[in-house]
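Engineer: Each chain, written out:
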Amino acid sequence: MSRYIATAAIRGAHKVVRQAEELYADALKTVGPDAKIQFKDKGGGGTAYWLPVIYGFTGQKVETIGDLKKSLEHAKGLLPPLPGEHVWLPYLGETLDAGMATLFAEEIIEGIRFAKGQQPETRNGFTFNGPINDVQMRGWGIQMVDGRMPGFAALLGAAKNNEVAVKIVRELQSKGQLVFLSSSSNGRSIVDQLLESGVQLGYDTFTVPFGTDTISTIYALGYASRATFSFGGVTPGDFRRVLLYNKFRCFAFALALGPMDDVKWATGAGAISYGFPAVCDTAVPNILPTGITQYEHVVSMPFDDIPGRDDMERAERLVQRCIEVRGIKIKIATIKIPVAYGPAFEGEVVRRADLQSEFGGKGGMCFEWLTTRPPEEVEDGKVTVVGPDIDKFEVGAKIPLGIVIEVSGRKMQKDFEPVLERQVHHFLNGAEGLQHQGQRDITWIRLSKNAYAKGFRLRHIGDILHGVYHNQFGAIVDKIQVTLYTEPKKVQELIEKARGIYKERNDRIAGLTDEAVDTYYSCSLCQSFAPTHICVINPERVGLCGAYSWLDCKASFEINPTGPNQPVKKGPCIDQTKGEWEGVNKFVYEHSQMKVDRFTVYSVMDSPMTTCGCCECVLALIPEANGFMVVSREDYSMTPSGMTFTTLMGTVGGGLQTPGMMGHGKYYITSKKFILTEGGIKRLVWLSKNLKEELGEELKAAAEAAGVPDLLDRIADGTSATTPDELVAFLQQKQHPALEMPPLL
Amino acid sequence: MAPLEAPVEKWTGKIRELKLGSGGRKTITVGGGTTLPFVKFEGAQPHRPAIAIEVQDKEPTDWSEFLVSAWGDALKNPGAWAKKAAEFGADLLYIRLASAHPEASNTGAAQAKKSASEVLSAVDLPVIFVGPDVAEKDNEVLVAVSDVAKGQRVGLGNCVEKNYKTIAATCMADGHVAIAKTPIEINLAKQLNILLSDVGLSPDSILMDPTTGALGYGLEYTYSVMERLRLAALMGDGMTSMPMICTAGEESWRQKESKATLDVPQAWGDNQERSLIWENVTAISLLAAGADILVLRHPKTVVTVKAALDKSF
Numbered sequence: 007m008s009r010y011i012a013t014a015a016i017r018g019a020h021k022v023v024r025q026a027e028e029l030y031a032d033a034l035k036t037v038g039p040d041a042k043i044q045f046k047d048k049g050g051g052g053t054a055y056w057l058p059v060i061y062g063f064t065g066q067k068v069e070t071i072g073d074l075k076k077s078l079e080h081a082k083g084l085l086p087p088l089p090g091e092h093v094w095l096p097y098l099g100e101t102l103d104a105g106m107a108t109l110f111a112e113e114i115i116e117g118i119r120f121a122k123g124q125q126p127e128t129r130n131g132f133t134f135n136g137p138i139n140d141v142q143m144r145g146w147g148i149q150m151v152d153g154r155m156p157g158f159a160a161l162l163g164a165a166k167n168n169e170v171a172v173k174i175v176r177e178l179q180s181k182g183q184l185v186f187l188s189s190s191s192n193g194r195s196i197v198d199q200l201l202e203s204g205v206q207l208g209y210d211t212f213t214v215p216f217g218t219d220t221i222s223t224i225y226a227l228g229y230a231s232r233a234t235f236s237f238g239g240v241t242p243g244d245f246r247r248v249l250l251y252n253k254f255r256c257f258a259f260a261l262a263l264g265p266m267d268d269v270k271w272a273t274g275a276g277a278i279s280y281g282f283p284a285v286c287d288t289a290v291p292n293i294l295p296t297g298i299t300q301y302e303h304v305v306s307m308p309f310d311d312i313p314g315r316d317d318m319e320r321a322e323r324l325v326q327r328c329i330e331v332r333g334i335k336i337k338i339a340t341i342k343i344p345v346a347y348g349p350a351f352e353g354e355v356v357r358r359a360d361l362q363s364e365f366g367g368k369g370g371m372c373f374e375w376l377t378t379r380p381p382e383e384v385e386d387g388k389v390t391v392v393g394p395d396i397d398k399f400e401v402g403a404k405i406p407l408g409i410v411i412e413v414s415g416r417k418m419q420k421d422f423e424p425v426l427e428r429q430v431h432h433f434l435n436g437a438e439g440l441q442h443q444g445q446r447d448i449t450w451i452r453l454s455k456n457a458y459a460k461g462f463r464l465r466h467i468g469d470i471l472h473g474v475y476h477n478q479f480g481a482i483v484d485k486i487q488v489t490l491y492t493e494p495k496k497v498q499e500l501i502e503k504a505r506g507i508y509k510e511r512n513d514r515i516a517g518l519t520d521e522a523v524d525t526y527y528s529c530s531l532c533q534s535f536a537p538t539h540i541c542v543i544n545p546e547r548v549g550l551c552g553a554y555s556w557l558d559c560k561a562s563f564e565i566n567p568t569g570p571n572q573p574v575k576k577g578p579c580i581d582q583t584k585g586e587w588e589g590v591n592k593f594v595y596e597h598s599q600m601k602v603d604r605f606t607v608y609s610v611m612d613s614p615m616t617t618c619g620c621c622e623c624v625l626a627l628i629p630e631a632n633g634f635m636v637v638s639r640e641d642y643s644m645t646p647s648g649m650t651f652t653t654l655m656g657t658v659g660g661g662l663q664t665p666g667m668m669g670h671g672k673y674y675i676t677s678k679k680f681i682l683t684e685g686g687i688k689r690l691v692w693l694s695k696n697l698k699e700e701l702g703e704e705l706k707a708a709a710e711a712a713g714v715p716d717l718l719d720r721i722a723d724g725t726s727a728t729t730p731d732e733l734v735a736f737l738q739q740k741q742h743p744a745l746e747m748p749p750l751l
Numbered sequence: 003m004a005p006l007e008a009p010v011e012k013w014t015g016k017i018r019e020l021k022l023g024s025g026g027r028k029t030i031t032v033g034g035g036t037t038l039p040f041v042k043f044e045g046a047q048p049h050r051p052a053i054a055i056e057v058q059d060k061e062p063t064d065w066s067e068f069l070v071s072a073w074g075d076a077l078k079n080p081g082a083w084a085k086k087a088a089e090f091g092a093d094l095l096y097i098r099l100a101s102a103h104p105e106a107s108n109t110g111a112a113q114a115k116k117s118a119s120e121v122l123s124a125v126d127l128p129v130i131f132v133g134p135d136v137a138e139k140d141n142e143v144l145v146a147v148s149d150v151a152k153g154q155r156v157g158l159g160n161c162v163e164k165n166y167k168t169i170a171a172t173c174m175a176d177g178h179v180a181i182a183k184t185p186i187e188i189n190l191a192k193q194l195n196i197l198l199s200d201v202g203l204s205p206d207s208i209l210m211d212p213t214t215g216a217l218g219y220g221l222e223y224t225y226s227v228m229e230r231l232r233l234a235a236l237m238g239d240g241m242t243s244m245p246m247i248c249t250a251g252e253e254s255w256r257q258k259e260s261k262a263t264l265d266v267p268q269a270w271g272d273n274q275e276r277s278l279i280w281e282n283v284t285a286i287s288l289l290a291a292g293a294d295i296l297v298l299r300h301p302k303t304v305v306t307v308k309a310a311l312d313k314s315f
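Chains as they are written, first to last, in my numbering: chain L, 7 to 751; chain V, 3 to 315.
Only chain V is shown next, with the shape it has when bound in the complex:
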């Protein structure tokens, strides 16, 4: 029997390369692929997907005990947390300014500057900062952080249709990268990229967050939207060709399969193992869908996903 020949698709497009970190900070480049993820016989994939670890500027109150015990006292201080995340092997950090949420401590620009400075001086890794996902509040804290991090090319997010202009403006002024978040929808994702470019932000300074559904909670929907974004980009659509970031950790640790510890049916097995499986499977599936940066929460997941990448990338 003749050996099976791999069908090779000829793509005209390319995923954009995006660099984070500058001005003395370590740098990382993602994207640049000329084929679908891991289809190495077909095209180039110059940059390995990067692993970000999520850090918050206040101690989380709703985190699973398994996460709390993995991080210990580091959770109480963003600088210490960031350092520990670097030790656990993060390629970059994803700092959520959670304290600014109106229903949390409702802190503002001053606190954001303080937390950002702490993190930036604690580690030399590339950093992404996101607000509390309340459009007005995001603008307030991100503009402040942008100023502190000027020239260090950090990521700032999340831009949504309501507030993208302010974040884009501050990214342009201070040389940062904007994260464009849309609710699992290809057209909206593309539209936000166009809108950001219209304001004047370079398409090479945009990261897309297509919104992640965890395993069992819309993962397949996310997968299919991401796959379509990649296909569109490879077919030559320059407005869908931005690299993608996925918050796999946050989404999987929100689900009851990760959180529940009481009255759990025996068939569900060990609680901690199950929680980790949830984050692992979500993360690795998203790599296959085309994620360029994965944001994770548990240090063990970082190890597992990195091992998976070592084998397959």
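Chain L with its partners taken away, still in its complex shape:
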């Protein structure tokens, strides 16, 4: 806690409380204790919640001047003593108490002003709004709950100049933020600045002018308090829930424009209790650690020091910083590109005759690379094209292209980079006339003549990515900027760099072992048709459908915490070789309708994992061969077990636990944990031919690691054996290691 801020806030609190006391004493004489207090806006719309901040905190219904006595005593009771000169660490708790005392006193002052007919404020012929009425609060409250409106920005003081004031308000509005206006700096108020610039203020334009003094800022907190009664089910008086509701659900913050003073600090200290941080456009101490607010408490951004070409850009960055500090998520309603966008275009093919430009593919060069950067290095929505655009090339040209996506986010993790990068394929294919294939440095993109004629250029690739990442991965990314390179030298240079990263990622995945993590993830997507089946996905065992890896599940959980992928704590290990953990068993029991009480991850003979029906492969025991066969879903032919894939599925699917048989993802075969208990890949005696071909390299590596480099040649397939006898003959001829291994039965 900054001593400077704490001292100023406590000083400010004393000042406001004293002012309230004086006004109260005066009001008793002038209007009397029975004078009514009723908050109303300039249109006469009122509230049923008395003085809402006081009501929310104490449950007291202030109806008359006389009722204020109790509130005033409450405020005085909260007031800490001014820190002495030699107290070097004034404490957070005292400052927050001072803040609350300030809010009480401010509401008392406005109450007295109402009783005296001095509110809403009128100045130079303009009537301020005063407190927001209940009907409007309800209307906006619904939008805040359903997410259309993230929260409100309370602007205090005056901006550098009128243009900056307008720009700040416009930027906030474009982010859906409600704007409240109060206070002044050096006698100027942002309300003056906006009125002089011809900006319409009022409920209709989502800009509400409260007043020219700092005290009127209390109406913002009164609004926040009332929202908790309406939408949070909070009982007035339950101040803890009033504050927590606002911290977690109302994305509000204060933006202090111009010099700070004691009363502003004191009011800010009150707002911090609600979880509302403050950003100041002047040089003040920062309070960065997280605590009462979700992230930083006070952030200083001296306006003229903000990097930017001009004041407009500085204003934009100032607002951007506020959004980050409060953790507000941006939704992009429509992606502004000249062609249609939607799932209907995903399967579209651009043929040679329709081809305008081509990136990558045979003989070309194209890559995509998504990387995380610190927030200050990413400017949200920025799209840069380095090198000539499509219109500088002839029709049908093959253009080198590098797509570099830089993201930042509080919840972003290095491990999510490949998960997010893989989405480029899906995201770009949604655009009409754009065809995308491959990934990483084997990306191949085609653009149709039609899309080009409609005005599609390279920057639109960036616009698509920016919009769709925000909308679908907003839970983990906060800012996205995209750079598109077409200069051959630059693309060449970057593709080399990206390849280094791809390799690092491969190594990381290879090194990501089950032992290295304490949490696995579940997948319950298939419970709609296999109600007792639950998948548990490990780093070394991909989901049986092949679609979900451990990393995918981890990201999916961050994005959708109530979704189908939930964390499963491993808990104490029961058997390392079989892959059995207490935490996993407990989870499986609870999520299989108590049908499966234990299962092992690395064994097929003892309580194997269940199968929904989506598995890529079925593994089954062939007793005569003392080993297992693996049949691929794409293999329709007969297998040595006497059953085809379809028949096997009838035995293994639907959430059944069938020792000796199980479904799995094809990449599980190449995992070090492949049926570890039974001896691993050396037990593989028969494998569908298509898998042999598809997984060739990886299988070879796994065989080498198992100490049998030519194992693949000794494994039978549909061309060499379709009966147990043929299989055994083949294995004997090839001297398959499984024949020498301990008997399975």
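No lab work stands behind these hints: they were computed from the structure.
You may find that some hints are simply not true.
What the hints assert, rightly or not - Each computed DSS-like pair below joins lysine-lysine, with the alpha-carbon atoms no more than 25 Å apart:
hint	chain 1	residue 1	chain 2	residue 2
1	V	Lys-16	L	Lys-601
2	L	Lys-592	V	Lys-60
3	V	Lys-85	L	Lys-181
4	L	Lys-337	V	Lys-139
5	L	Lys-342	L	Lys-368
6	V	Lys-258	V	Lys-42
7	L	Lys-67	L	Lys-173
8	L	Lys-181	L	Lys-388
9	V	Lys-12	L	Lys-601
10	V	Lys-152	L	Lys-67
11	V	Lys-164	L	Lys-181
12	L	Lys-678	L	Lys-575
Could you slot chain V onto chain L? The hints should help.
Structural biologist: Positioned in the frame of chain L, the structure of chain V alone reads:
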């Protein structure tokens, strides 16, 4: 021979009790069971399932002649229709704001307020309002209705994953009950309940609509999903323990067995009788699956289902 002893299961969970109606309006409470439907020797079933009758805010154009003749001119006016439904024995009403559908009259908030006021002043029964099932439009009309019905604890639906937040917010603000509709899927049903609770709506203000398949059109699938929802709730899962509402009337009257009157094979029997059987069988099966509120269309079905409940509940 020793008498057969009924196997008794010990459940730890309970279906939530949900109250509709308040502020001078009649009230009805559903749910509260501590066992599967009708298994009375095993646990308590404090509240009898309720019968709602469907009313629309515009005259339906695609209804079977048997429905049209049963209701007559009442179909032309939601207030009159609501009154007649009350006379026919409805425990509560299910008002579909059909005119708001973009492909119908595309009416908006103003019309919704008007229709809602008409119905609310015509009857004192508990009421549920549903939109045209077009997410954005639902939000528009339901927020308006919520305001009109403030404090009367009506049901508002349907919340789907796309629009649940707005409906939840308005339910919280005005003290109503949200109807959470999911497409015959246990996990999605549970997820929507969690999402609604996360927004801040009390789990005691949620009714689940698990989506109904009519007889011959997925009834058994609905049945099994509902049964699993009930089993999960009785095993103690608080996020599947909301009472359920089933639109049996709408679903059965959509099917060709109810609608067809021309070139019908003789073996299918009398047209009207068959239509009624379709709604009856669908409805009674859903009671067995665990429906707490049945939404019906034909007055005769109301009589039959009530008689069935009289005998078995």
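Engineer: For the pair we were handed, Lys-16/V and Lys-601/L, check the Cα-Cα distance against 25 Å.
Structural biologist: holds (21 Å)
Engineer: Holds or violated: Lys-592/L with Lys-60/V, Cα cutoff 25 Å?
Structural biologist: With Cα atoms ~53 Å apart, Lys-592/L and Lys-60/V exceed 25 Å; violated.
Engineer: Hinted pair, alpha-carbon criterion (25 Å max): Lys-342/L, Lys-368/L. Please report holds or violated.
Structural biologist: Violated. Lys-342/L to Lys-368/L sits at ~31 Å, over the 25 Å cutoff.
Engineer: Does the structure keep Lys-678/L and Lys-575/L at a Cα separation of 25 Å or less?
Structural biologist: The hint holds at about 22 Å.
Engineer: Hint check: Lys-164/V vs Lys-181/L, CA-CA at most 25 Å. Holds or violated?
Structural biologist: Holds, because 21 Å separates the two Cα atoms, which is no more than 25 Å.
Engineer: For Lys-337/L and Lys-139/V, compute the direct alpha-carbon distance and say whether it is at most 25 Å.
Structural biologist: holds (20 Å)
Engineer: Would you mind confirming whether the straight-line C-alpha gap from Lys-181/L to Lys-388/L stays at or under 25 Å?
Structural biologist: At roughly 16 Å apart (the allowed maximum being 25 Å), Lys-388/L and Lys-181/L satisfy the hint.
Engineer: Can the restraint linking Lys-12/V and Lys-601/L be considered satisfied, given a maximum Cα separation of 25 Å?
Structural biologist: holds (17 Å)
Engineer: Within a Cα-Cα threshold of 25 Å, do Lys-67/L and Lys-173/L meet the stated pairing?
Structural biologist: violated (40 Å)
Engineer: What's the verdict on Lys-85/V and Lys-181/L, does the C-alpha distance respect the 25 Å limit or exceed it?
Structural biologist: violated (48 Å)
Engineer: Is it true that the CA of Lys-258/V sits at most 25 Å from the CA of Lys-42/V?
Structural biologist: violated (37 Å)
Engineer: Tell me if the straight-line CA distance from Lys-152/V to Lys-67/L falls inside 25 Å.
Structural biologist: holds (23 Å)
Checked against the numbered hints given earlier, the structure breaks hints 2, 3, 5, 6 and 7 and satisfies all the rest.
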